[in-house]
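**Q** Heads up, the sequence shown is in the UniProt record's numbering, so the first residue is 1 and it goes up one at a time.
It is worth saying that the hints were derived from the structure and are not from the lab.
Errors might be hidden in some of the hints.
[Claimed, not checked] Straight-line alpha carbon distances no greater than 27 Å define the calculated BS3-like cross-link-like pairs of lysine-lysine that follow: (1) Lys14 x Lys33; (2) Lys68 x Lys14; (3) Lys137 x Lys111; (4) Lys54 x Lys68; (5) Lys54 x Lys100; (6) Lys33 x Lys68; (7) Lys129 x Lys26; (8) Lys111 x Lys33; (9) Lys68 x Lys160; (10) Lys184 x Lys137; (11) Lys54 x Lys20; (12) Lys90 x Lys68; (13) Lys14 x Lys26; (14) Lys211 x Lys197; (15) Lys90 x Lys129; (16) Lys111 x Lys211; (17) Lys33 x Lys54; (18) Lys26 x Lys90; (19) Lys111 x Lys129; (20) Lys54 x Lys90; (21) Lys68 x Lys137; (22) Lys160 x Lys211; (23) Lys90 x Lys111; (24) Lys33 x Lys137; (25) Lys100 x Lys211; (26) Lys54 x Lys184; (27) Lys26 x Lys54; (28) Lys100 x Lys68; (29) Lys160 x Lys137; (30) Lys33 x Lys20; (31) Lys90 x Lys160; (32) Lys211 x Lys137; (33) Lys100 x Lys160; (34) Lys26 x Lys100.
[Said to hold, decoys possible] Derived CB-CB ranges, DEER-like: (35) Leu50 x Thr216: 30 to 36 Å; (36) Asp3 x Glu39: 20 to 26 Å; (37) Gly149 x Glu38: 34 to 40 Å; (38) Leu151 x Leu50: 16 to 22 Å; (39) Thr190 x Gln55: 38 to 44 Å; (40) Glu38 x Asp191: 15 to 21 Å.
Cβ coordinates follow ideal geometry from the N, Cα and C atoms, glycine included.
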Amino acid sequence: MRDSGLDISYALRKEAIAEKRASWRKATENGFKVGTYEELIPQADLVVNLTPDKQHSDVVRSVQPLMKDGAALGYSHGFNIVEVGEQIRKDITVVMVAPKCPGTEVREEYKRGFGVPTLIAVHPENDPKGEGMAIAKAWAAATGGHRAGVLESSFVAEVKSDLMGEQTILCGMLQAGSLLCFDKLVAEGTDPAYAEKLIQFGWETITEALKQGGIT
């Protein structure tokens, strides 16, 4: 986003800065302005909450009182809004930009001159000025998502699809299938180290083909 011309700062908890935690080190090493919530949030036009799901509610409760009137709050996953039911101040615009991959790959694809497919959405209860979709589009473009494809979605649809992909496919089917195949191969006399690599490279080949050619 900074490389796309936006003014980006890192707002961290006081303890993270004082103890020079990994988040502080990574931000400062990459030349970003770093400050506490109290120092940076009141100036921000868009506050993007990229903390883990279990921390979202605490973070939102901390930053909401500090946000200026008419600012925007951004998410990359809507669990806090949809499943937790977090209520946001009515003057705040709430948007979502959800690239369909980890943040590290978003960066690598941007550096390559491309991007990753991205879902965008506006929380219907928090779009007081009708600017939410424009903000979401601008944010998605700043990550390079427009080069790969940006799809208008909803908070509910994103949460359901993400939970299906992450919990059912990645952490469910993929993991369970790998363990079952490994156990079967070893039981049939295959060397465990070979069985492990066979499954690993098999998944890599299939997922790369899916990435390049789609589900068909």
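**Q** Determine for every hint whether it applies to the structure shown.
**A** How the hints compare with the structure:
1. Our distance criterion of 27 Å between C-alpha atoms is met by Lys14 and Lys33, whose separation comes to about 14 Å.
2. A C-alpha spacing of about 20 Å is found between Lys68 and Lys14, which places the hinted pair at or below 27 Å, so the restraint holds.
3. Annotation: proposed proximity of Lys137 to Lys111 holds, straight-line Cα distance about 20 Å (limit 27 Å).
4. Distance restraint check for Lys54 and Lys68: the Cα-Cα separation of roughly 25 Å lies within the 27 Å cut-off, and the hinted pair is therefore satisfied.
5. A threshold of 27 Å between alpha carbons decides the hint, and for Lys54 with Lys100 the separation of about 20 Å falls inside it, so the pair holds.
6. Distance check on the hinted pair: Lys33 and Lys68 sit about 19 Å apart at the alpha-carbon level, within 27 Å; holds.
7. Pair hint Lys129 plus Lys26 does not hold up; C-alpha atoms about 35 Å apart against a cutoff of 27 Å.
8. For a cut-off of 27 Å, the pair hint linking Lys111 to Lys33 stands: about 21 Å separates their Cα positions.
9. At roughly 31 Å between alpha-carbon atoms, Lys68 and Lys160 are farther apart than 27 Å, so this suggested pair is violated.
10. With a C-alpha separation of about 48 Å, the suggested pair Lys184 and Lys137 falls outside the 27 Å cut-off, and the hint is violated.
11. A C-alpha spacing of about 22 Å is found between Lys54 and Lys20, which places the hinted pair at or below 27 Å, so the restraint holds.
12. At most 27 Å may separate the alpha-carbon atoms for a hinted pair to count; Lys90 and Lys68 meet this at roughly 12 Å.
13. With a CA separation close to 16 Å, the supplied pair Lys14 and Lys26 stays within the 27 Å bound.
14. A threshold of 27 Å between alpha carbons decides the hint, and for Lys211 with Lys197 the separation of about 21 Å falls inside it, so the pair holds.
15. Annotation: proposed proximity of Lys90 to Lys129 holds, straight-line Cα distance about 10 Å (limit 27 Å).
16. Straight-line distance between C-alpha atoms of Lys111 and Lys211 comes to about 18 Å, which keeps the hinted pair within the 27 Å bound.
17. In summary, the hint linking Lys33 to Lys54 is supported, as the alpha carbons are separated by about 26 Å, within the 27 Å threshold.
18. Between Lys26 and Lys90, the direct Cα distance comes to roughly 34 Å. Violation of the 27 Å bound is thereby established for this hinted pair.
19. Among the hinted pairs, Lys111 with Lys129 is inconsistent with the structure: their alpha-carbon atoms are about 34 Å apart, more than 27 Å.
20. The straight-line distance between the Cα atoms of Lys54 and Lys90 is roughly 23 Å, inside the 27 Å bound, and the hint therefore holds.
21. Proposed proximity of Lys68 and Lys137 is supported: the alpha carbons are some 22 Å apart, at most 27 Å.
22. A hinted pair counts as satisfied when its Cα atoms are at most 27 Å apart, and Lys160 with Lys211 qualifies at roughly 21 Å.
23. Distance restraint check for Lys90 and Lys111: the Cα-Cα separation of roughly 37 Å exceeds the 27 Å cut-off, and the hinted pair is therefore not satisfied.
24. The straight-line distance between the Cα atoms of Lys33 and Lys137 is roughly 24 Å, inside the 27 Å bound, and the hint therefore holds.
25. With a C-alpha separation of about 11 Å, the suggested pairing of Lys100 with Lys211 holds against the 27 Å cut-off.
26. Between the alpha carbons of Lys54 and Lys184 the distance comes to roughly 36 Å, so the proposed pair goes past 27 Å and is violated.
27. Using a Cα cut-off of 27 Å, the hinted pair Lys26 and Lys54 holds, with the two alpha carbons roughly 22 Å apart.
28. Distance hint between Lys100 and Lys68 is unfulfilled; the C-alpha atoms sit about 30 Å from each other, more than 27 Å.
29. With a C-alpha separation of about 22 Å, the suggested pairing of Lys160 with Lys137 holds against the 27 Å cut-off.
30. Distance hint between Lys33 and Lys20 is fulfilled; the C-alpha atoms sit about 14 Å from each other, no more than 27 Å.
31. The straight-line distance between the Cα atoms of Lys90 and Lys160 is roughly 25 Å, inside the 27 Å bound, and the hint therefore holds.
32. Of the pairs offered as hints, the one joining Lys211 and Lys137 holds, with about 23 Å between alpha carbons and a cut-off of 27 Å not exceeded.
33. Between Lys100 and Lys160 the CA atoms are separated by roughly 13 Å; this keeps the pair inside 27 Å, and the hint holds.
34. Of the pairs offered as hints, the one joining Lys26 and Lys100 holds, with about 23 Å between alpha carbons and a cut-off of 27 Å not exceeded.
35. At about 33 Å, the beta-carbon gap between Leu50 and Thr216 stays in the expected band of 30 to 36 Å.
36. Separation of Asp3 from Glu39 is about 24 Å and conforms to the stated range, judged on CB atoms against 20 to 26 Å.
37. Against the hinted window of 34 to 40 Å, the Cβ-Cβ separation of Gly149 and Glu38 comes to about 38 Å, which satisfies the hint.
38. For the hinted restraint 16 to 22 Å between Leu151 and Leu50, the CB-CB distance of approximately 20 Å keeps it satisfied.
39. Between Thr190 and Gln55 the beta carbon distance is about 42 Å. The supplied range of 38 to 44 Å therefore holds.
40. Taking 15 to 21 Å as the suggested C-beta distance range, the pair Glu38 and Asp191 does not conform, at roughly 58 Å.
Hint compliance for this structure: hints 7, 9, 10, 18, 19, 23, 26, 28 and 40 are broken, all remaining hints hold.
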